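Undergrad: For reference, the chains in residue letters:
Protein chains: 2
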Amino acid sequence: MKLNPLAQSLNQTLEGSVAYRLLSDLGKRMFFPRGVAAQSMEAKEKAHRFDATVGIANVERGKPIILEEIHRWVPELSPAEIVSYAPTPGDPELRKLWQQEILRKNPDVPPDRISLPMVTSGLTGALSQVADLFVNPHDHVLVSDFFWGNYRLLFEGRREARLVTYPLFTEEGSLDLEALERTIRDIPAKKAVLVLNFPNNPTGYTPTVDEARAMAGLLARCAEEKDLLVVCDDAYFGLFYEEGIYPHSLFNLLATAHPNLLAVKVDGPTKELYVWGFRIGFLTFGSPVLTAGQFDALNQKLAGSLRATVSNSNRLAQSLLKRALTSAHTPSELAKWADLLKARYRKTRQILSRMGDDVPLVPQPFNSGYFMCFKTRGIDAEALRQALLEKGIGTISLGRDVLRVTFASIPEEHLEELFSEIFETARSLA
Amino acid sequence: MKLNPLAQSLNQTLEGSVAYRLLSDLGKRMFFPRGVAAQSMEAKEKAHRFDATVGIANVERGKPIILEEIHRWVPELSPAEIVSYAPTPGDPELRKLWQQEILRKNPDVPPDRISLPMVTSGLTGALSQVADLFVNPHDHVLVSDFFWGNYRLLFEGRREARLVTYPLFTEEGSLDLEALERTIRDIPAKKAVLVLNFPNNPTGYTPTVDEARAMAGLLARCAEEKDLLVVCDDAYFGLFYEEGIYPHSLFNLLATAHPNLLAVKVDGPTKELYVWGFRIGFLTFGSPVLTAGQFDALNQKLAGSLRATVSNSNRLAQSLLKRALTSAHTPSELAKWADLLKARYRKTRQILSRMGDDVPLVPQPFNSGYFMCFKTRGIDAEALRQALLEKGIGTISLGRDVLRVTFASIPEEHLEELFSEIFETARSLA
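Going down the list, the protein sequences come from chains G and S.
Under UniProt numbering, think of the first position of the first sequence as 1, with each following residue one higher.
Under UniProt numbering, think of the first position of the second sequence as 1, with each following residue one higher.
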């Protein structure tokens, strides 16, 4: 099929860069059309008398109709903040605020080395867009052997990629960086996609400062040989419970790691601001060499893909997030809840330190996030999950030998009972 | 790639039905994994003591953490109604409520002939899911020559389908049903996808009762020869301004039209309840022969695809919609706003009836929805749009000779001035 001229023009802007080489066929085809959405944006600026462009029924200019049965529940926000369409790339003020957040949390990133974050429909939405724009059938997507199951459906099921796993931990319980490097080098292609998810789901592990630096170094070395798309899935960012943990996203180092490495940061308020059901995520590109025009071309391709999949993301959530992010009270509130989760972590650690040797479970390294995992010894994780469910306890089994426990969701005073039951049930199955 | 056993099992359930024959390769691969999301659903039912499954940080069971800086704006809803994850298929009560709405608005549909509606991220989200699950590269997707531009990006740009257009209107201004039938029969394949969008964007046309019946009849005849997926894009449903218009969705007739025809209803509150930015749509299947198990298998495939693209849709919007849909005040509110839009329609009609012959614009048939279109005579529609923009007036140009005007968004008292400017500007370009 012939490429649309707008897609061609974006491709020309990107040509010669790692971003162009990494684009999937679908990514090469994408563009933001000069259709209704683009013409409406133009009218927003220039049509000072009448705006008869958009598919919204306004009472008058800028004041959409709203049902009182909707407005009464959010009485202090304007109708436009509640029910109007957000722009396809997201609310511009929110995008700017989030960019400042990223720069604040990742102080080594030069501001001109990242794109303006695009709003996506949740972090899954961002990952799915990455898969569409950058993953062709049979491409290699590397994830650690502890990975969020949805990666498989998303990269393999939908995009027909080959999911390649490498061991996350050495026998000693540190990151197995040698295995990672070997796995990347063994990929029989000039292109590889790597998803780094820290704090990790399911293990709850975040690299130490040394591990983070070593990982960035090895990826830069690998980029000498291969074009790398490195996706930082930072869903659980910020919930760090131990000293010595790398306190930034790996994006902090990877955004400027190597010209042949395109870093993509996938993050959002879902966990960071405790708004799981809002379905607002962000997608941000980082590179030491891409020009402002090239970052913009990538964002336009992404805008086209968003337009064709969801049109735009929930407006009310974006309006509420703007208010929360600019409120002087938010930092202290966040600190309060982080303390609560940290107390649950400490309690969990304390309980595990007293776990008997007769329990056929091996806690995996964890130091952050919501979760911890057990490897089972000689018992089936799914059988354990089922047995716990019979006792009214919900856990997650992953494969045959991993049980995930969301300690972050259990009040501190119940953790003792929860883990006692897990230990006892595991023992009874051994 | 080998199919996942869960996908195989869904395919076996569907085998022999038109739904199976219509599935795309991606659709055949899809399934809802027995992973975190499925295990969390199980725990919701059975884990009466502790639920340590889900990626939500609860203060206590069922009470997610919420920032006061979020909650204060929606003070009367519970934290769970605002920030918890909605299930991937959508809030079960909302789905049930919407199914009742569909049956109420489409009284000829036997309740057991449609699936339980699935919540999608807006109507675009529903259309995109249809494209993923049912459209392979090179499949033929038929749309009328007046079509929403996003169809092209969605079906052609993303899915590499062939978009085939047929003339919507005859010279006399009624639906060109002969052209539609001929176009379907001429498709050199056993499968065709047809998108019917009424009230139509951009023209604002809805079929008359006779036209609707004739269209359903011709599609049933075509289904003797071909497997048909007929998508009813009912975005603008309900805004009918003239007598004699078919007062239901075409889905009312198509859901039971023919065993070889799978009807898909794409609709939602976006326009029907004036909540454009909520991004909540619904996708419902209709067929005279599919079993309950087959409807469920389709929904499970869709749930898998939703899981891999957006995970789930905005919770707060779903909570607010449940309240609006169950409020006794909503019907009278809806009637009030429908009256306002109808008055704008009447005024527009009145202005057009006085339009001079020297204006190089031909109003196209319209009787419903938000829009009306002009065909330009000898002047370029984009040039006209640009000239109007210079005067502070926003309109939409479509191709070289169509100008779309959203009369529904302009207060009645300004319509005279708006159209005068359009007429004058068009004259000046002739």
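For the record, the hints were derived by calculation from the structure and aren't laboratory data.
Please read these numbers as outputs of a predicted model, since none were measured by experiment.
Check the hints yourself; a few may be wrong.
[What the hints assert, rightly or not] Derived contacts from chain G toward chain S, CB cut-off under 10 Å, selection only:
{"id": "1", "residue": "ARG61"}
{"id": "2", "residue": "SER128"}
{"id": "3", "residue": "GLU156"}
{"id": "4", "residue": "PHE240"}
{"id": "5", "residue": "GLY244"}
{"id": "6", "residue": "PRO247"}
{"id": "7", "residue": "HIS248"}
{"id": "8", "residue": "THR291"}
{"id": "9", "residue": "PHE371"}
{"id": "10", "residue": "LEU388"}
{"id": "11", "residue": "LYS391"}
{"id": "12", "residue": "ILE396"}
[Unchecked claim] Below, a sample of chain S positions facing chain G; criterion: calculated Cβ distance under 10 Å:
{"id": "13", "residue": "ALA52"}
{"id": "14", "residue": "TYR274"}
{"id": "15", "residue": "VAL275"}
{"id": "16", "residue": "GLU417"}
[As the list claims (entries may be wrong)] Between beta-carbon pairs, the in silico distance windows are:
{"id": "17", "chain 1": "G", "residue 1": "GLU101", "chain 2": "S", "residue 2": "GLU178", "range": "57 to 63 Å"}
{"id": "18", "chain 1": "G", "residue 1": "PRO107", "chain 2": "S", "residue 2": "PRO5", "range": "30 to 36 Å"}
{"id": "19", "chain 1": "G", "residue 1": "THR291", "chain 2": "S", "residue 2": "ALA430", "range": "41 to 47 Å"}
{"id": "20", "chain 1": "S", "residue 1": "ARG49", "chain 2": "G", "residue 2": "ARG346", "range": "41 to 47 Å"}
{"id": "21", "chain 1": "G", "residue 1": "LEU429", "chain 2": "S", "residue 2": "ARG49", "range": "15 to 21 Å"}
{"id": "22", "chain 1": "G", "residue 1": "ASP296", "chain 2": "S", "residue 2": "GLU172", "range": "22 to 28 Å"}
{"id": "23", "chain 1": "S", "residue 1": "VAL59", "chain 2": "G", "residue 2": "ASP380", "range": "43 to 49 Å"}
{"id": "24", "chain 1": "S", "residue 1": "LYS226", "chain 2": "G", "residue 2": "ASP296", "range": "55 to 61 Å"}
{"id": "25", "chain 1": "G", "residue 1": "GLU178", "chain 2": "S", "residue 2": "VAL59", "range": "23 to 29 Å"}
{"id": "26", "chain 1": "G", "residue 1": "GLU93", "chain 2": "S", "residue 2": "GLU42", "range": "49 to 55 Å"}
{"id": "27", "chain 1": "S", "residue 1": "LYS44", "chain 2": "G", "residue 2": "ARG354", "range": "45 to 51 Å"}
Glycine included, every Cβ here is placed at the ideal spot set by N, Cα and C.
Undergrad: With reference to the structure, classify each hint as holding or not holding.
TA: Checked hints:
1. For ARG61 of chain G, the interface hint holds, since its Cβ comes within 10 Å of a Cβ in chain S; the closest pair sits about 8 Å apart.
2. A distance limit of 10 Å between C-beta atoms decides the matter here; for SER128 of chain G the minimum to chain S is near 5 Å, and the interface restraint holds.
3. A hinted interface residue such as GLU156 of chain G counts as satisfied when its beta carbon comes closer than 10 Å to some beta carbon of chain S; here the least separation is about 7 Å, so the hint holds.
4. At about 15 Å, the closest approach between the beta carbon of PHE240 of chain G and any beta carbon in chain S exceeds 10 Å, and the interface hint on this residue is violated.
5. A hinted interface residue such as GLY244 of chain G counts as satisfied when its beta carbon comes closer than 10 Å to some beta carbon of chain S; here the least separation is about 24 Å, so the hint is violated.
6. The interface hint given for PRO247 of chain G is broken, as the beta carbon of that residue sits about 20 Å from the closest beta carbon of chain S, more than 10 Å.
7. Against a cut-off of 10 Å between C-beta atoms, the interface hint on HIS248 of chain G is violated, since the closest Cβ of chain S lies about 22 Å away.
8. The restraint placing THR291 of chain G at the interface with chain S is violated, with a minimum CB-CB distance near 25 Å, outside the 10 Å limit.
9. Annotation: PHE371 of chain G was flagged as interfacial toward chain S, and the flag holds, the nearest CB pair being 8 Å apart, inside 10 Å.
10. For LEU388 of chain G, the interface hint holds, since its Cβ comes within 10 Å of a Cβ in chain S; the closest pair sits about 8 Å apart.
11. Annotation: interface hint on LYS391 of chain G holds; nearest CB of chain S at approximately 7 Å, less than 10 Å.
12. Look at ILE396 of chain G: its Cβ gets to within about 5 Å of chain S, closer than 10 Å, so that hint holds up.
13. The beta carbon of ALA52 of chain S is positioned within 10 Å of a beta carbon in chain G (closest approach about 5 Å), and the interface hint is therefore held.
14. The restraint placing TYR274 of chain S at the interface with chain G holds, with a minimum CB-CB distance near 5 Å, inside the 10 Å limit.
15. For VAL275 of chain S, the interface hint holds, since its Cβ comes within 10 Å of a Cβ in chain G; the closest pair sits about 5 Å apart.
16. Annotation: GLU417 of chain S was flagged as interfacial toward chain G, and the flag holds, the nearest CB pair being 8 Å apart, inside 10 Å.
17. Our hint of 57 to 63 Å for GLU101 of chain G and GLU178 of chain S holds, since their Cβ atoms are close to 59 Å apart.
18. Between PRO107 of chain G and PRO5 of chain S the Cβ separation comes to about 48 Å, which falls outside the hinted range of 30 to 36 Å.
19. Our hint of 41 to 47 Å for THR291 of chain G and ALA430 of chain S holds, since their Cβ atoms are close to 44 Å apart.
20. Roughly 22 Å separates the CB atoms of ARG49 of chain S and ARG346 of chain G, a value that falls outside the hinted 41 to 47 Å.
21. Between LEU429 of chain G and ARG49 of chain S, the C-beta spacing of about 19 Å keeps the proposed range 15 to 21 Å intact.
22. A beta carbon spacing of about 48 Å between ASP296 of chain G and GLU172 of chain S contradicts the range 22 to 28 Å that was offered as a hint.
23. For VAL59 of chain S and ASP380 of chain G, the Cβ-Cβ distance of about 33 Å falls outside the hinted range of 43 to 49 Å, so the restraint is violated.
24. Separation of LYS226 of chain S from ASP296 of chain G is about 44 Å and departs from the stated range, judged on CB atoms against 55 to 61 Å.
25. Between GLU178 of chain G and VAL59 of chain S the beta carbon distance is about 42 Å. The supplied range of 23 to 29 Å is therefore violated.
26. One distance hint, 49 to 55 Å for the beta-carbon pair GLU93 of chain G and GLU42 of chain S, is violated here, with the actual separation near 41 Å.
27. Here the CB-CB span from LYS44 of chain S to ARG354 of chain G is close to 31 Å, at odds with the stated 45 to 51 Å.
Checked against the numbered hints above, the structure violates hints 4, 5, 6, 7, 8, 18, 20, 22, 23, 24, 25, 26 and 27; every other hint is satisfied.
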